[in-house]
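Protein chains in written order, with my numbering: chain A, 458 to 750; chain B, 458 to 750; chain C, 458 to 750; chain D, 458 to 750.
These are calculated hints, taken from the structure and not from any lab test. Please note that a few of the clues may not be correct.
Note: identical chains are not told apart, hence a pair may lie in one copy or across any two.
[Claimed, not checked] Computed list of lysine-lysine pairs in BS3-like fashion (alpha-carbon distance at most 30 Å, straight line):
hint	residue 1	residue 2
1	Lys682	Lys478
2	Lys672	Lys689
3	Lys600	Lys503
4	Lys672	Lys610
There are 4 protein chains.
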Amino acid sequence: MRVGVIGLGNMGEGVARNLLKSGREVVAWNRSPAAVDALVEAGALKAADPAEAFRAEVVFSMLSQDDVIEEVVVGSGALEKAAAGTTHVNLSTVSVAFADRMEALHQERGLSYVAAPVLGRPDVAAAGQLNVLCAGEPSGVAKATPLLELFAKQVWPLGDRASNANVVKLACNFALASMIETLGEAGALVDGYGVEPSRLYEIMTGTLFAAPAYKTYSGLIAERKFSPAGFKLPLGLKDVRLALAAGEARQTPLPIASVVRDAFIEAIAQGDQDKDWSALAAGAFRRAGRPLD
Amino acid sequence: MRVGVIGLGNMGEGVARNLLKSGREVVAWNRSPAAVDALVEAGALKAADPAEAFRAEVVFSMLSQDDVIEEVVVGSGALEKAAAGTTHVNLSTVSVAFADRMEALHQERGLSYVAAPVLGRPDVAAAGQLNVLCAGEPSGVAKATPLLELFAKQVWPLGDRASNANVVKLACNFALASMIETLGEAGALVDGYGVEPSRLYEIMTGTLFAAPAYKTYSGLIAERKFSPAGFKLPLGLKDVRLALAAGEARQTPLPIASVVRDAFIEAIAQGDQDKDWSALAAGAFRRAGRPLD
Amino acid sequence: MRVGVIGLGNMGEGVARNLLKSGREVVAWNRSPAAVDALVEAGALKAADPAEAFRAEVVFSMLSQDDVIEEVVVGSGALEKAAAGTTHVNLSTVSVAFADRMEALHQERGLSYVAAPVLGRPDVAAAGQLNVLCAGEPSGVAKATPLLELFAKQVWPLGDRASNANVVKLACNFALASMIETLGEAGALVDGYGVEPSRLYEIMTGTLFAAPAYKTYSGLIAERKFSPAGFKLPLGLKDVRLALAAGEARQTPLPIASVVRDAFIEAIAQGDQDKDWSALAAGAFRRAGRPLD
Amino acid sequence: MRVGVIGLGNMGEGVARNLLKSGREVVAWNRSPAAVDALVEAGALKAADPAEAFRAEVVFSMLSQDDVIEEVVVGSGALEKAAAGTTHVNLSTVSVAFADRMEALHQERGLSYVAAPVLGRPDVAAAGQLNVLCAGEPSGVAKATPLLELFAKQVWPLGDRASNANVVKLACNFALASMIETLGEAGALVDGYGVEPSRLYEIMTGTLFAAPAYKTYSGLIAERKFSPAGFKLPLGLKDVRLALAAGEARQTPLPIASVVRDAFIEAIAQGDQDKDWSALAAGAFRRAGRPLD
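Using the sequences provided together with the hints, build the complete structure.
The following block contains the structure:
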């Protein structure tokens, strides 16, 4: 079975390698060819353009945002040239509106569109332990699922409407961003009294908040380990912006998300645009006149 | 060894019963005598007034808020009459400023003051599985710790300054309140697209947010089980207000806490003052024009 | 001199009639022809399509939002067919990004683009007393200014970059929305103590806040006169959204604008989408459990 | 007629001098005697203690905050020693709760309490052009009014309940703080596009926002003239905190006030505690990475 992969960033590469390991024939395309060449050494075929990657039974795309996908998948003509029945599995975190538009575009062309945004950072992708939120056209979902399982710890079905997987993904990333900002504020609060934030985090993650997300992020914050970035701060801003837009489209105010959005913008204005989004927490210390570094 | 207990609300009673189980001699006082009588049947002695409960080596107090403690412990004259060397362990969640004041008052009288606010709801207290944050005068802490362990899953030492335990407690409750509001907003977001909030919560607690707090509260929210209240909404407002005041005293802005405070006030204005503080999450659905009930 | 007018809503009609009064030859286009026919009776010529309205020395457009202008001016082919040297004066409140894009599109075609968003409600437009913020290609501005003065109380030049007029307009509308929400909150605060909000507003507008905006809007709020709408609530949301987007593009957090945005969304969710944006103030009373009506 | 004056800060001194000008016999007390001596040269009598200043038909107090008034007026015993029928006019901005408590204390002692908080900065007080919000026991109000008119541009009656004047004062100062923060954000928004904030302010105050408050404060912001302080930043924080507390006591959320409170705390944390509260606006530029100075 031939599988296309479009986008070999630090997430997409992990996905592609897991597909190769399973013995699938993988044809890959990436804007900067270097990433493709590395994968070719691991046994992949090199696609000359996105359309060639679309000449497959199932194509996975993992790109940074709506307009990039628009250009690579639609603008390039790849979608028009794709054979009827092809299944396109979009692993990217996109806006709900864009997911709906993509679903319609695929239907018109007799292609099936599956939204499969993932939870997990690059190391988790490489380890094939991602949590995958999956929704879309049923036959496409049926074809995609066994392949998703090649790099997923678990696949979470979310029904026939592709964008439902995206809105759930945005809700999860909003919850993460809210957690990061809250860890920052709570840490700055105790720090003002001479209590080490790390002690607070130790207590939180040792009791009520004993969750992977709290352990990972409170650790990064306590150690001020904001580089290298697993997920850059501007991407966090993007996801919170998309969550706010999705809320607005259904008249759902998200006041916490609004505060987090402002905090992201402030962090970028203060020069943290290349840091991991856990650096969002540093803002609470900075605003208190006690910057972390 | 004689142990005093002041305040037999749903938390204090659990503490007292665990002390009794251990064979300690417990002398208890409570404003409404009914609660004391029930405890007397279990072997406790009834104190005629707070001062009598203070005639003990160690006295635990578990009362609702600063001014109540002020009145019961100071206003009643109990503190003045207490024998030098008595250790007072305050399990209540109080303001940082009040904890500092109590510490000073005790020092003046040769008494030792220990702040030991607890994490856990009434059922946890009854089960003797509370997490206890403990700070204060070292000899008092040394005396208190073995007794705290009678009803604690773990005792977390936080140094010599009593109020440090209180600021950490406030930071934890702020983090809980932020989590509840965030669960509400994230749930309302997906609900706007026809996705069951319970499905989002299942994914969150099955992946990144697999923590006791998330499981407990997302369950209460998904089932709209806001009564009976384990911790009433106005108490949540109180703790967030105290966190904000503690932040202000150290020039630490807490924008998320400010949003949560407004949401608590709105919930009370909408008639939820007798519900559990998990009902805070209902506000997000109400503001979106899709009330939970 | 021939002047085109595109868009005859309650603002555009006022503009067109003032141009007619001045004796200019006005050729008008509007999606729904009824509005054009009314204007034809007043002496205007009817344009069959936007391109015909563009066959003029200066064309004014007053449309609701970016995508409508995109469709009517660009999508219709009007811009392509326009004669070199034509000046297009866009009176609409658009996004900064869209204004930059329009400016570039016009330059490519040898047309000059002038941004001239206006301050004032329909009655003010009819009276020819608008305040006009004006920026863009200098020769176009020179040509537009005497015409703008036909319906302006004052024209405020803002330089060569068209979008500068738009960002100032967005800043003004954000300030108005902040004022409306603040009037609502301040009114709800005193109302909680039995003081009539109208009494507070009387004191404010009689002292520190003796400004037209405060008098107009506090009057509408005190009299709960939210219909008919001079400026509909969703248009207010749009402008605050555009201000937030313009801020984000320059890393400028606008926390007050974020709160106002959430309040607009909530008002729409509560059913106020057809009311005047002064109804935003009603939210403060609703959240306090004391709805205005 | 003998008039007492307690508190000769930059506001109180202006009041006292206007009373002296009118030929009233003024007996003044101030913590630091220097201010009294200066006034004695202008013809005032020096009170040895607050009680002596209370030996008058009408006593004005102008002190910084609740606890200072508590100490000077109640703690000093002045109130107990005051002759029945004495009218105490409190010009200070105090909390609603404190005003209610003072009103009750005075009633118990057969004294009449009048709340008369003022709108205006020191120069306005010196010029005798303050706007005075006045409420309380009717006979006391009747006695106070002609005296208030000696330094007031206008006296605004607010009924029999003293605290009503205080809640209106807090609402006005909240509206001012909201305006300052909004001017900062709107200015930072246009500044991001190379438009001088002063140009925006010129347009605002030349059109919709042609009000004294907007002219005064936008001028101070445009000129970065934050010292000397007419009203210090921490006093602004105090008033917004009191407005929030007054709102909470009546279940009235004030989300804009919450944002402003956080901004005040941040400004103080950044070192602006001795600047005028107009410096609040500088925060918006600082958060955007473009500090004003």
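Checked hints:
| no. | hint | in the structure |
| --- | --- | --- |
| 1 | Lys682 x Lys478 | neither (32 Å within a copy, 47 Å between copies) |
| 2 | Lys672 x Lys689 | both (19 Å within a copy, 29 Å between copies) |
| 3 | Lys600 x Lys503 | within (23 Å within a copy, 57 Å between copies) |
| 4 | Lys672 x Lys610 | both (19 Å within a copy, 20 Å between copies) |
Figure legend: structure checked against the earlier numbered hints; the only hint not met is number 1.
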